[in-house]
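Visitor: Work the whole structure out from these sequences, hints included.
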Amino acid sequence: MNIPRLRFPIKTKLTVATLIPLAIAILICWMAGVFILSAKVAAQAQEKVRYDLSVAREAYLNELTRLYDAVKLSASFGRTSETVAAADQRALAATLTPVRKSEHLDILAAVDASGKVIFRANNPQQFGDEKLRNQFVARALKGELVSGTTIIPTSELTLEGEELVRQARITVAGTRSDPTPPAPLNGAMFLFVAAPVRDQAGNVVGALYGGVLLNNNKKLVDKIKNVVYEGAKLNGRDVGNSTIFQGDVRIATNVPNTDGSRAIGTKLSAPVYDRVLLKGAKWVGRAFVVNDWYLTAYEPILSLQGVPIGALYVGMLESHYSAVKTDMAVLLSFVLLLSGLTGVSMAGFLGRKLAQPIKELELLTRRVAAGERDVQSNIDSRDEIGDLADRFNDMSRSLGERENSIIELNRNLEEKVQQRTAELEEKNRLLVQTREELLRVEKLAAIGELAAGVAHEINNPMAIIRGNTELLQLSVSEDAPNREEVDTIFQQVKRVERIVSNLLKFARREQMERGEVHLNELLHEIVGQMRHQVSLEKIEVLEFYAEQRAVIEGDQDQLRQVFTNLILNAVQAMPRGGVLCIKSAPVGSGDNYEVKISDTGVGIELENLRQVFNPFYTTKANGTGLGLSVSYGIIREHGGCIDVESVPGQGSSFTVLLPCER
Numbered sequence: 001m002n003i004p005r006l007r008f009p010i011k012t013k014l015t016v017a018t019l020i021p022l023a024i025a026i027l028i029c030w031m032a033g034v035f036i037l038s039a040k041v042a043a044q045a046q047e048k049v050r051y052d053l054s055v056a057r058e059a060y061l062n063e064l065t066r067l068y069d070a071v072k073l074s075a076s077f078g079r080t081s082e083t084v085a086a087a088d089q090r091a092l093a094a095t096l097t098p099v100r101k102s103e104h105l106d107i108l109a110a111v112d113a114s115g116k117v118i119f120r121a122n123n124p125q126q127f128g129d130e131k132l133r134n135q136f137v138a139r140a141l142k143g144e145l146v147s148g149t150t151i152i153p154t155s156e157l158t159l160e161g162e163e164l165v166r167q168a169r170i171t172v173a174g175t176r177s178d179p180t181p182p183a184p185l186n187g188a189m190f191l192f193v194a195a196p197v198r199d200q201a202g203n204v205v206g207a208l209y210g211g212v213l214l215n216n217n218k219k220l221v222d223k224i225k226n227v228v229y230e231g232a233k234l235n236g237r238d239v240g241n242s243t244i245f246q247g248d249v250r251i252a253t254n255v256p257n258t259d260g261s262r263a264i265g266t267k268l269s270a271p272v273y274d275r276v277l278l279k280g281a282k283w284v285g286r287a288f289v290v291n292d293w294y295l296t297a298y299e300p301i302l303s304l305q306g307v308p309i310g311a312l313y314v315g316m317l318e319s320h321y322s323a324v325k326t327d328m329a330v331l332l333s334f335v336l337l338l339s340g341l342t343g344v345s346m347a348g349f350l351g352r353k354l355a356q357p358i359k360e361l362e363l364l365t366r367r368v369a370a371g372e373r374d375v376q377s378n379i380d381s382r383d384e385i386g387d388l389a390d391r392f393n394d395m396s397r398s399l400g401e402r403e404n405s406i407i408e409l410n411r412n413l414e415e416k417v418q419q420r421t422a423e424l425e426e427k428n429r430l431l432v433q434t435r436e437e438l439l440r441v442e443k444l445a446a447i448g449e450l451a452a453g454v455a456h457e458i459n460n461p462m463a464i465i466r467g468n469t470e471l472l473q474l475s476v477s478e479d480a481p482n483r484e485e486v487d488t489i490f491q492q493v494k495r496v497e498r499i500v501s502n503l504l505k506f507a508r509r510e511q512m513e514r515g516e517v518h519l520n521e522l523l524h525e526i527v528g529q530m531r532h533q534v535s536l537e538k539i540e541v542l543e544f545y546a547e548q549r550a551v552i553e554g555d556q557d558q559l560r561q562v563f564t565n566l567i568l569n570a571v572q573a574m575p576r577g578g579v580l581c582i583k584s585a586p587v588g589s590g591d592n593y594e595v596k597i598s599d600t601g602v603g604i605e606l607e608n609l610r611q612v613f614n615p616f617y618t619t620k621a622n623g624t625g626l627g628l629s630v631s632y633g634i635i636r637e638h639g640g641c642i643d644v645e646s647v648p649g650q651g652s653s654f655t656v657l658l659p660c661e662r
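Sequential numbering from 1 applies to the sequence shown in full-length UniProt numbering.
Check before you lean on any hint, since a few could be wrong.
Stated by the list, open to error - Just the calculated beta-carbon pair ranges, DEER-fashion:
1. L536 - N460: 31 to 39 Å
2. I407 - Q44: 54 to 62 Å
3. A43 - Q167: 18 to 26 Å
4. E426 - R397: 37 to 45 Å
Bear in mind the hints are in silico, worked out from the structure with no lab data behind them.
The beta-carbon is built from N, C-alpha and C at its ideal position, and this holds for glycine as well.
Guide: Dropping the structure here:
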């Protein structure tokens with residue numbers, strides 16, 4: 001049994017459309033107010049303070065590391081061990097005083113192996129007292145490098161200089177719960193480092209100790225504040241601040257008093273004192289600091305024995321997060337107001353929108369009548385307009401499916417035709433490529449047979465020429481004017497014999513004689529010999545060789561034959577003169593070398609470029625067409641490749657790429 005769909009009159013739709021956005025907005029705002037304001041903001045604030053304390057601790061430790069590096073380097077620097085062992089105060093002054101000033105140290109002194117002070121850079125007149133009661137110095141004299149935080153009593157601080165005593169003086173202020181009158185704080189807190197001084201044998205001959213005063217150290221607490229809060233302000237006030245406590249007394253802080261001065265000498269609150277200094281644990285929470293409420297974090301500062309002697313504090317104004325809550329309250333009110341206005345205006349807006357579906361259906365009908373298919377209506381309404389839109393979608397879908405089936409058949413037919421055509425073209429290309437390769441192989445085989453016959457025929461007359469040349473050498477004295485020409489003839493005869501031998505090797509497919517080939521020297525030698533073979537009067541020869549040695553593995557005589565042939569071809573291509581350019585350079589990471597021989601001659605026609613390496617192909621009247629073909633075979637045997645580029649009337653460029661190792 002089909003249940004009839006409910007129909008909603010326009011009045012009901014307008015009422016529901018007005019109430020739903022308003023109810024959703026109120027629900028969202030209520031959830032945001034309860035959840036975000038009460039939980040998220042508070043949790044994020046606490047987590048932020050924890051993170052700020054970690055950053056402050058790193059800044060504090062960085063200052064200790066800076067002091068550590070300065071004392072350690074001073075103890076191992078240069079002749080420090082010799083000056084300490086000799087108790088040379090003048091040499092120690094020359095070494096330690098500049099370090100103290102450049103590193104901004106409040107204390108820097110040297111003691112001998114017995115623990116007596118030899119020299120104080122901050123108070124040179126005071127020396128000779130014993131420092132073995134100082135655990136840092138005592139452990140350093142045993143060979144340890146010790147660093148940490150400590151409290152130096154006022155009596156010992158006096159030995160380090162009256163100026164340091166004045167800097168460390170802090171008056172402890174009273175509180176409402178503690179009516180004790182103001183009194184000066186006994187002792188001063190220092191970052192302290194002691195390092196052993198060893199001689200060349202590794203024996204401890206003394207120690208250096210240094211310190212940075214924390215009392216009234218505005219620079220350090222301001223640095224911590226800037227690192228943690230980066231100068232953030234709220235209504236002209238710093239959002240956050242930091243403090244260093246000696247015991248429960250602020251000895252360095254940027255927490256302001258009511259008059260704007262630093263709250264030096266004020267005390268820690270009792271709950272924080274109990275947890276941080278007595279129990280040695282961290283404190284994170286809301287606290288009243290001097291004159292305002294802060295979100296705070298404290299952690300104890302431990303002595304060398306692990307006893308809490310002070311505390312490190314960071315905090316930020318609670319009013320900073322109160323401003324966030326205020327902004328959220330304003331936003332909540334704005335959303336409620338906007339929701340109310342939206343509900344009021346929705347009724348009129350929906351009235352205008354009721355006519356839109358009818359206009360949309362009329363437009364879609366025109367598109368179908370014009371031939372467009374797969375036209376669908378997005379109208380979703382539980383009334384007569386919705387029923388009409390559903391019937392229209394059914395009609396449009398049926399028409400689209402019929403046309404799509406026809407188009408799909410046509411598309412499949414076209415794709416199959418294109419696929420078969422592509423396969424045929426690929427097979428034709430492979431056939432042409434195979435035929436060209438077979439033609440080249442047949443011609444190379446013919447070259448081999450021809451080379452074998454020619455070589456045998458040339459060997460006999462060359463033997464006679466060589467014998468007569470040797471007789472001519474014997475008949476011409478060493479200092480005769482024509483002796484050089486006779487020697488040149490003999491060298492060239494030997495070269496012809498070598499070429500004939502290479503032709504035989506090529507014909508018989510014998511292995512080449514491998515060795516190191518210095519390309520740059522070989523090319524330069526060929527250019528020098530070329531001047532005796534052809535006239536270079538009108539030709540400018542440019543040689544550009546790589547600076548690094550171009551050494552490859554190959555047959556030097558075969559490569560000489562290749563490059564001689566290419567250079568000679570370039571010269572013959574410039575009957576009226578021109579520029580012959582020979583370049584060599586490493587390619588890529590240096591595993592290959594490239595030789596480029598360029599000319600500015602007549603060039604090669606485009607239709608002839610693909611045939612220049614074919615056997616017996618030549619454009620010269622007296623050429624054989626074997627030079628480039630044989631060169632092609634030699635380069636391929638060397639594992640390289642040869643290519644040509646040419647512009648008719650402007651010249652040609654042959655590029656030979658050879659691997660450094662086979």
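Visitor: Now tell me, hint by hint, if it's right for this structure.
Guide: The hints, checked one at a time:
Between L536 and N460 the Cβ separation comes to about 34 Å, which falls inside the hinted range of 31 to 39 Å. A beta carbon spacing of about 59 Å between I407 and Q44 agrees with the range 54 to 62 Å that was offered as a hint. A43 and Q167 have their C-beta atoms about 42 Å apart, which leaves the hinted 18 to 26 Å range violated. Separation of E426 from R397 is about 42 Å and conforms to the stated range, judged on CB atoms against 37 to 45 Å.
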